[in-house]
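Trainee: The lines below spell out each chain.
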Amino acid sequence: MKKTVPLLIVMIGGLIWVFWAFSPHKIIQDDFYNQFYLPWARAMAPFAALLGVISLSMMHSAKIRRKAPKWQYSFFFFAGFVVTTLAGFIGGTQKGGLFMWMFENMQMPMSSTMFSLLAFYMASAAYKAFRARSLEATVLLVAAIVVMLAQVPLGVKISRHLPDISQWILDVPNLASKRGIALGVGLGSVATTLKILLGIERSYLGGGD
Amino acid sequence: MHQQMIYAALRNGETYYYTVVAVNERNKFYTPAPVGSGMPVPNAPEPATSLYSSLVEDGNSLNFEWNFPLFKDDLQAYQIVMIPDGMSSEAWMAVKDSIPAEALQVIAQGGVGGGALPNYTQIPLTQLAEQGLSPERLKASRFAIRFVDSQGMASMSAPANVRPITVAQLPPKPTFKVEDKPNDKGDRLTVLWDDPIVFVTKTSITNSRGNRLRVNYQLNKAETQKVKNIYFEFFKAGESQSFARINEFYPDNSIMLRVPAGYDYKSGFKVKITMDWKPRINKGYVIEQNLARDDQMMSLMPSRQLYRNGVEVSRLQNVVYRKSLRGSQFTLIKSNTAYDNNLDVVIPYPTTITRGISGFRFVEGDSLVTIIEGKRTARALQKGDNRGSFTLVSPSIDLVFDKEAETTLNTTLFASEAAKDLQETISGLEDQIAELNAAKASLDSLPPALAAAQMPRITSQLESVQKELAAYQNNKYLKRANQIKGQRSRMRYIGSVREPDGRYQTYRITRTDGRGAITESDLDQTKEEDFNYYIPISNWFDQNKWVTLFTSLLFAAMVFVFVHLAKQGKSLYIRPIAGLSEIDNAIGRATEMGRPMLFSMGNGGLSDVATLASLGILGLVAKKAAEYDTKLIVPCYNYIIMPIAQEIVREAHYAVGRPDTYDKNNIFFLTDMQFAYVAGFNGIMVRERAATNFFMGYFAAESLLMTETGNSIGAIQVAGTDAVTQIPFFITSCDYTLIGEELYAASAYLNREPMLLGTLKAQDYFKFLILSVIIAGGILSTFQITALNNILPTK
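Line order of the protein sequences matches chains A and B.
If you use the numbering used here, the first sequence corresponds to residues 11 to 219, in order.
If you use the numbering used here, the second sequence corresponds to residues 0 to 794, in order.
Don't take each hint at face value.
Claimed, not checked - Derived EDC-like pairs (lysine to aspartate or glutamate); straight-line CA-CA distance at most 20 Å: (1) A:36 / B:186; (2) B:184 / A:146; (3) B:184 / A:40; (4) A:80 / B:687; (5) B:466 / B:420; (6) A:36 / B:343; (7) A:36 / B:179; (8) A:36 / B:541; (9) A:80 / B:662; (10) A:77 / B:687; (11) A:188 / A:146; (12) A:73 / B:186; (13) A:105 / B:541; (14) B:265 / B:311; (15) A:13 / B:752; (16) A:73 / B:541.
Said to hold, decoys possible - Short, incomplete list of chain A residues facing chain B, as computed with Cβ under 8 Å: (17) 40; (18) 61; (19) 168; (20) 170; (21) 192.
These are computed hints drawn from the structure, not numbers from a lab.
Ideal Cβ positions, reconstructed from N, Cα and C, are used throughout, including at glycine.
Model the full structure from these sequences, guided by the hints.
Mentor: This is how it looks when you write it as C-alpha cells:
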C-alpha cells in the first residue's frame with residue numbers, strides 16, 4: 011500500500027504529461043498547465059526549501075554536538091543563515107538592501123572565484139587528455155590542435171585550409187558522435203520514463219514496501 | 000530618466016498635478032517626489048505623410064490612398080478636399096491649415112479610427128458626376144486630405160495629383176480562404192491568399208574558379224500547404240533556353256549551381272521557379288527573378304523585381320482587414336509584402352475584462368462615503384460594513400451579440416441582481432421608445448420640410464431601440480443566463496457564451512501598389528449576404544506527432560515483449576559496461592582504505608531522467624556501502640531530492656541488515672548555488688579524504704572543478720552523465736565514465752532484474768531500428784525519394 015498509492019499517482023500524473031506532449035488543446039495547455047500545474051508547482055517550492063533548511067541545520071547542529079572534525083565551521087553556517095534570512099526579511103531582497111549587498115559583494119565574487127578556477131583545471135585536464143599515449147589520444151591531440159589553431163588568426167597564416175578543416179571536424183565527426191550520444195540519451199530517457207510509468211523502475215520512491 | 004505614459008481622459012485647460020512615489024517590494028511607500036503640474040493644451044494632428052490619387056476611368060472609380068503620420072492614435076476622421084483651381088503648391092502649403100473648411104469642396108469623408116480603419120477610399124465616378132466633376136475635370140484637379148482629431152483640431156496634407164490608370168493596370172484581384180491553424184490550442188487562424196512563394200535571397204561563389212554558386216532561397220507557405228518539389232531553371236542573361244534545371248526534392252533553403260563553362264557568372268542569370276504542391280490556388284504558377292552582380296556583396300543578388308505569372312508584383316501589398324461579429328467596421332491587421340502568401344491571425348482567448356473606474360468607496364470618520372460618477376453620498380457606518388477603501392467598477396458584462404438588433408446584450412455579474420438589472424434595462428428602453436414616439440408625434444407641429452428631414456432619423460432610432468428591447472426580452476442566451484440561480488454556474492455559462500461570441504471574425508484583403516491602384520477582394524458572404532465568420536478550433540491531437548506516437552507505442556510493445564521473455568527465464572545478453580563493472584572495486588577500495596565515499600547527483604531536479612537514474616545507482620552503491628560498513632556521504636544540490644536520497648540509503652541499510660549504521664546526517668542538502676555547491680563538495684572531499692567519488696546525474700560547469708579536485712587527492716572516480724558538453728571533462732579526469740544512456744542502463748545492469756533487463760534489451764533493439772531508418776533514409780534520399788524523411792517529425 012505504501013508503494014501502490016504513490017505508484018498510482020506517478021502513473022496517472024505521467025499519463026497526463028504524455029497527453030500534454032501530444033495534445034495542443036487549450037484544456038491541457040492553458041487550463042491544466044498554466045492555470046493548475048504552474049501555480050501549484052510554485053506553491054510547493056517553498057515547502058520543499060524548508061526541508062533543505064531543516065536538513066542542513068540538523069547536519070550542522072549534529073556536527074557541533076558531536077564535536078566532529080572541523081565542527082567550528084558549522085557556526086559559520088548558522089551565522090550566515092541567520093544574517094541572510096534577517097537581511098532578507100527585514101530589508102527586502104532588492105538592490106540597496108543588505109541582502110543584495112551581501113549577494114553582490116560576497117556571494118558573487120566567491121562564485122566567480124570558483125568559476126575562474128575552471129580555466130586552470132581545464133589546462134591540467136587538457137594536459138592529461140592530450141598526451142599522445144595511444145593512437146586515439148594522438149588523433150585527439152591533432153584534432154584539438156587544428157580546432158584551436160583555426161580559432162586564432164595565426165591558424166589562417168599557417169594554412170588557409172585550417173578553418174575549413176576545423177569546421178569539418180566540428181561538423182562531421184564531432185557532430186556525429188554528439189548526435190550518437192544524444193540519440194542514446196533520448197532513447198534512454200524514453201525507456202526510463204516508460205519504466206517509471208509502468209512501475210518497473212521504482213528506485214525514486216525510496217524504501218519501504 | 001524614466002518615462003511613464005498615463006492613459007486618462009484629461010480636460011483641456013485644467014491643471015493636473017503629479018508626483019512619483021517609490022514603493023518597495025514590501026509595500027513600503029517612500030517620500031513622494033516634488034509635485035509637478037501640467038495643463039493639457041490641444042494641438043493639431045500631424046498631416047498625412049503622403050496622399051495618392053488614381054483615376055480608373057474604365058473602372059468607374061477615383062481612388063485615394065494615404066499614409067498616416069507616426070502618431071495617429073487620436074485621429075478620428077478624414078476629408079478629401081479639392082484644391083482650388085489655379086492655386087500653386089507653394090500657395091497651398093502656405094494657406095492649407097488656415098483656409099476655412101467651407102471654402103473647399105469636400106468630395107469624400109469618413110472615419111479613421113486612430114489609423115485602424117482602411118487608409119484608402121474608392122469613390123464611384125457616377126457619384127462625382129452628380130457633383131459636376133467629370134473625369135476630365137478630375138484629371139486636371141489636385142486633392143488634399145484633412146485629418147481631424149478627437150479634439151476637433153485638423154491638419155491638411157500636401158497636394159496630390161491624379162494619376163489616370165486603366166483596369167488592366169490595377170493589381171490582380173485577391174482571392175483568399177480562411178483556415179484553422181492546425182495543431183494549435185485554438186487561438187490562430189490562417190488567412191491564405193496565394194500559392195507558396197519561393198524566391199532567391201542571395202548567392203555566393205563557393206570556389207576560386209567562380210563556377211560553383213550556392214543559391215539560397217526561401218520558401219514561404221502556410222502550414223496546410225505541402226510543397227513536394229521545387230524546380231529551379233536558370234537562364235543566361237538574354238537567353239530563353241535554360242542551361243540548368245535543378246529539382247529540389249527536399250527543401251533545405253539552398254541549392255548548388257554549376258556555372259556553364261566559358262560564361263562569366265558576373266553577367267547574371269534569370270531564374271524561373273515552379274513547384275509541385277497542394278492544395279493549388281492558381282494554375283500555371285511561375286515565379287521569376289533576375290540575379291545581377293552586386294559589387295558590395297561581391298556576388299549575384301536578386302534584383303528588386305519579382306514576377307509572378309509574368310506580372311511584376313514586388314511593390315504590391317496584400318493588406319488584411321478583419322471585422323469581428325460584434326464590430327461594425329473592418330480594421331487593419333497587417334500590410335503584407337508580395338513575398339508573403341498567408342498571415343497567421345492571433346485570436347486570443349479572453350483572459351481579462353477591462354472596465355473604467357466608475358467611483359470610489361471609503362470610510363471617512365464614522366461615515367461611509369461613496370462617490371459614483373462624481374456624485375458623493377455618505378451614510379453612517381453600520382455594523383458589518385467593510386471599512387476598507389474600494390475602487391468601484393460597473394458590474395455589467397457583455398454576454399452575446401444579437402444579430403437582429405445588431406447590438407451586444409449586457410447582463411450583470413451577480414445572479415441575485417440579474418432579474419432586477421434586466422427589468423431596469425427594459426424599462427430604460429421602453430422610456431426611450433416613449434420619448435422617440437413623442438418626438439415623432441411632435442414633428443406634426445413642425446414645418447413639413449423640417450419634419451420630413453427629421454423623420455428618417457427618428458424612425459431609424461425608434462426601430463433600433465425597438466429591436467434592442469425585443470432582444471432583451473427574447474434573447475435565448477440572456478434568458479438562460481438569468482434562469483441560472485447559482486453564481487458560479489451562471490458565470491460559467493456566461494463565459495461559455497461570451498468567449499466564442501467575442502472571437503468570431505470575418506476577413507477581407509486589399510491588394511494595392513501603395514499609390515492608389517487598389518483592388519479589393521470579394522466580400523466573404525453567404526447567399527443571404529451575411530458575412531462568413533470564423534473561429535479557431537482547439538485541436539486535441541498534434542497531427543505532426545503521429546509518427547512519434549506510433550514509435551512510442553512500438554517501443555512500449557517491445558519493452559513488454561522483452562520483459563515477458565526475461566520473466567520466462569530467457570537469458571538476455573547485455574554488453575559489458577566497464578564503468579559499472581568497476582563500481583564494486585571502487586567501493587572495495589574505499590572499504591580497504593577505511594575512508595568514506597562521496598556521491599553527487601549533479602544539479603538536476605527530480606524531473607531530469609539523469610537524476611532518476613542516479614537515484615537508482617545510489618540505492619545499489621548504498622547497499623554495498625552498508626554491507627561493507629563504509630561511510631557514504633551524499634551532499635544534495637536539490638532539496639526535493641534530499642529526502643528521497645535519505646529514504647533510499649536508509650532502505651539500503653535495512654535491506655542488508657545494518658539499520659544501526661545508517662546516519663541521516665550523511666545525506667544532506669548542501670546548497671542549490673552552482674559554485675557554492677562545488678566549494679562545499681570539494682571541501683568535504685578534501686577534509687574527509689574521500690577514497691571514492693561517484694558523479695552520477697546532470698552536471699554543468701561544476702563537473703571539472705569537482706573531478707579535478709578528486710583527482711588531486713587520489714580518489715577513484717566513477718562518473719556518468721547525459722550532458723554532452725561535460726562528458727569530455729569526465730572522461731579526462733575520471734577513472735570510469737558512463738556515457739549518456741549507459742547512466743540510464745546502470746540500474747538495470749547492476750540489479751540484473753528481469754524486468755529492468757527487458758527494457759534494456761528493448762532499448763538496444765529499438766536503437767537498431769533507428770539506425771536502420773537512418774540508413775534507409777540516407778539511401779532513399781540519394782535516389783530523391785523523400786517519403787521517409789517527410790513522415791519523420793522535424794521537431
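Trainee: Identify every previously stated hint that the structure contradicts and give their numbers, smallest first.
Mentor: Numbers 2, 12, 13, 14, 16, 19, 20 - these are the hints that the structure violates, sorted from lowest upward.
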